[in-house]
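K.L.:
The chain contents come next:
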Amino acid sequence: MLDPVLLLALGEAVLPESLGPAGQRQAVEAFTRWVTQYAPVAEEMHGYGYAELTYTPEHPAPGWQSQLTALDALARRTRRRPFAQLAVAARRAVLETPLARERGPALPSTPLAARHVAVALLAHWAATSDAQDRAYGARIGAGQCRVLADTARRPLPLAGEDGP
Amino acid sequence: MSAPRVIETDICLIGAGITAAMMAESLAARTTATITVLEAGGHTTPLRERYARRQRWQDYGESPWTKDHVDDQNALGTAYGFSPTMNVGGLAMHWGGVTPRYAPEDFKVRSLFGVGDDWPITYEELDPFYQEAEERMGIAGEQGPPAMDPRGRPFPLPPLPLSDNLRQLQGWAANAGVTMWSQPSAKNSQPHGGRGVCQRCDTCYPICPTGAKYSPDFSFDALVRAGRIRLVPETLVRRLHADPRTGRITQATGNSTRRPDETVVVRASTFVLTGGFTWAPHLLLLSADAAHPNGLANRSGLVGKYLCGHRNVAAQIRLPLRLLPGVNVQHSLVTKQFMRRGHPDRYLRHDLRVWESTFGQEPRLRADDGRLLLGDALLADWRGRTTEGVARIRGYYDVLPDRESALTLDASVRNPWGDPMPRLAFRDAPESAALRGWQEDELRALFARMARAGGGTVISSASAAGDIGQEHPGGGCRMGNDPAISVVDRDGRSHDHENLWVSGAPTNVTASCCNGTLTFAALGLKSAAAIATQYPARP
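Each protein sequence line maps, in turn, to chains A and B.
Quick note on this note's numbering: the first sequence kicks off at -3 and runs consecutively.
Quick note on this note's numbering: the second sequence kicks off at 107 and runs consecutively.
In case anyone wonders, no lab produced these hints; they're calculated from the structure.
Glycine included, every Cβ here is placed at the ideal spot set by N, Cα and C.
You may find that some hints are simply not true.
[Unchecked claim] Short derived list, chain A residues pointing at chain B, Cβ under 10 angstroms: (1) Q33; (2) Y34; (3) T65; (4) A69; (5) A102; (6) L108; (7) T147.
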């Protein structure tokens, strides 16, 4: 659905370098799976307090693929090289133009709320338990099923951290 | 048109939510009567599929509950306090499992505070049924200070442990003069009811993937397996029929929601409406006939009236604490300190809960100076904003209902069989309407005092959504001793029809200032105990 070469190049540009190449690749692959398994017009949660039935939006992949293609075209136009062949700093410079249109400073909480594929990829990664652990420097494991008896124990620091 | 499907039973419960589940368990244990539970919706996501459905919800926001509503069967006029959910288990298939009791004061606000109306029962009378509900569900709870948190017997399960985050927040609250403890919850802190221990998956609402959180399907499944009840899903009861001479309900009629042309007739000696605050009064109003032109059980004219609930004020408070949110995110601290004594000057009673929070700590795409944040710069910015803690705090405050806080039939919107759908309009009693601004200011002032006591700052504050509905709603068939000003008696029995009962949320006189589900269940169990006396006892 999404050009894998361009998407990986985008991931290398927007995801934290500290993930390492393998970590970035895994994050891109996870995002690709998310896109592949997306189901448009699925019923959304209508739990307590919500009388209206709502549905997931149309498939974002065609729009995101167009954005990837446009990124590559912009790179060729302004840098005379394909996006994937640019250094990371140059890729980020190319991204300045499309991302200038993004609303507000906050990263959306879900890829579906992103207007650009770069932001969608970042939002997908940032929603992971691993990303939150990195932000807090501890092995919290939010959103993962864990042993109740460990609740009272303060999460351990990530390797290499002094301890939160 | 084919012949109707006829069901004969002793006791017929209409609506298979949590109140019905508790009542069915109680009745099956107490009597040899045959028990049938009717439900308009079908079976939703079984336990074995909940991990996978949870993942889809986490990934895409999809509803984890399949086939959980009936098309064209929905309420109008409010976007809050109501859900279109119709399935075996009702709304409690996706409840948060939070189970506070009302306070003793809730049952006598007129006597104690000169506002609203007293209930016809006391907290002490309901205490054994609270206990029964807690034992049937398996409530993990911590006994609060007895003066704040009276109860006859201990919680059946040990409390959910507090995380390091909540321990720190508990200390902060104590320094601010607020005594808080572990929120009672219908989540197994040890194996109970054939279900395992909570694994703090952080998704109690909307879906517990392990079954550690109680939901009514567990009760129904066990009762059906044991042959103690008959569960009839996908059957919408559309009318109750009363004998014009005796007033007794002779039968209920309706249609299959799977095969709309199939009619269903249910004959029983006792009918119990367990469909919640919307569908119980709706059915009574729909059942109007020549002898009861305003609907059944409606001699007082109060069916559908006095819908009650509460609102909240919430805030996010930044504190100089090193919190690591995500340890058990839906668990909270609670206090009843402000439910018991109320405000010394004017009427204000509220609960208070505190959670860990990530508010204001979300990752950002742009720095304050507008610089685009990508790669490690984004992560460094994110980390830089996690060094202090954030507490989410919320108080539900008691809202007294007006008589015209009401459910009515809206003839302009009908289901496929032509029945008008219910329209809900919540309205505060004049005393609550007059106090609302002051009450919400008082809550915000409390939050500010607590923030200052911890060297922190209120960084966000919000009130519950306007007048479009209220939380944990009840009422519509309020209980009372006087048939002129109530629909059912202290046990939930209709004043007008000796074999008709309304149980759970609709019978609430007021809705306290905390989550209502446990009280709805306790009221249902009180009804069940009374109904059971009319049938042979189970040896």
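K.L.:
Now tell me if each hint is right for this structure.
P.N.:
Status of the hints after comparison with the structure:
no., hint, result
1, Q33, "holds (8 angstroms)"
2, Y34, "holds (6 angstroms)"
3, T65, "violated (20 angstroms)"
4, A69, "violated (20 angstroms)"
5, A102, "holds (6 angstroms)"
6, L108, "holds (7 angstroms)"
7, T147, "holds (4 angstroms)"
Of the numbered hints given earlier, the model fails hints 3 and 4; all others are met.
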